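Based on the sequences and whatever the hints tell you, model everything.
Sequential numbering of the sequence shown, starting at 5, is according to my numbering.
Simulated pairs of lysine-lysine, DSBU-like, Cα-Cα distance not exceeding 30 Å:
hint, residue 1, residue 2
1, K147, K160
2, K62, K223
3, K138, K182
4, K102, K186
5, K186, K160
6, K160, K102
7, K12, K71
8, K12, K51
9, K78, K217
10, K186, K61
11, K33, K108
12, K217, K102
13, K147, K102
14, K217, K74
15, K121, K33
16, K61, K160
Using C-beta positions, here's what the derived DEER-type ranges look like:
hint, residue 1, residue 2, range
17, E199, T157, 27 to 33 Å
18, V191, V68, 27 to 33 Å
19, Q70, K182, 36 to 42 Å
20, Y89, A48, 27 to 33 Å
21, S28, A48, 23 to 29 Å
22, L222, E53, 31 to 37 Å
23, E53, A225, 36 to 42 Å
FYI, nobody ran anything at the bench for these hints, they're computed from the structure.
Values in this document were obtained by computation on a predicted structure and should not be read as measured data.
We treat Cβ as the ideally placed atom computed from N, Cα and C, and that holds for glycine.
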Amino acid sequence: SFGDPPHKTGAWIEEIATPYYLFSGAGLKVTIASMAGGVIPIDAGSKAEMFYTDDCKKFDADEVAQKQMKDSVKMSTIACSIGEYDALYLAGGHGTCKDFVENKELDKVISDAYYSKCIVAADCHGPVGICGAKKKNGEPLIKGLAVSGFADTEEKAVGLAEKVPFLLESKMKELGGKYEKKGDWQVCISCDTSEGTLVTGQNPASSKAVAEKVLELLKKA
5 SFGDPPHKTG AWIEEIATPY YLFSGAGLKV TIASMAGGVI PIDAGSKAEM FYTDDCKKFD
65 ADEVAQKQMK DSVKMSTIAC SIGEYDALYL AGGHGTCKDF VENKELDKVI SDAYYSKCIV
125 AADCHGPVGI CGAKKKNGEP LIKGLAVSGF ADTEEKAVGL AEKVPFLLES KMKELGGKYE
185 KKGDWQVCIS CDTSEGTLVT GQNPASSKAV AEKVLELLKK A
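Have a look at this one:
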């Protein structure tokens with residue numbers, strides 16, 4: 005939960021399930037991780053009928069996937085071997101507003117991944133996790149890079165603009181990111197390959213496009 009009064013939240017299941025099946029379907033080994041390790045809470049709102057896709061239903065019934073969700077790898081374990089990963093993807097959900105903000109451990113993992121030629125990808129509120137990462141010169145990692153993430157208008161539409169630690173679109177612009185968006189709830193992704201590789205999506209509708217872009221880039225590598 006986050007905010008005052010507390011708003012109960014977690015990860016957005018579609019933003020995990022859709023990329024999970026695209027990545028695993030392409031033959032990639034997928035490791036599900038979280039900051040604390042162990043059980044990953046899911047935002048109950050993401051299981052509402054309009055959001056609960058076939059991939060979500062499949063994911064919830066998938067014994068292999070659910071074992072990973074209940075026993076996720078601790079991020080510190082990933083940090084020790086980040087150079088061995090081809091891509092790092094941050095799913096969204098308002099749980100990121102609790103787990104990712106001012107998290108120095110995650111900030112370092114993102115920066116290390118970016119400079120180790122690992123594709124860094126994030127969707128919706130997932131990009132909250134890249135806002136604290138730094139370039140080698142100490143500047144914000146996203147400064148001068150094309151980025152996307154949950155739009156301020158979308159945050160206001162879901163009624164949480166006053167609860168989140170910051171509005172993501174505004175924060176990305178403040179940090180010098182070249183923020184890109186389309187209309188609310190429309191598919192929009194940004195891909196920047198000027199130094200490392202960063203792929204970001206605007207909202208839940210963009211998770212598939214983000215994952216597909218990551219696969220496209222991996223095939224070219």
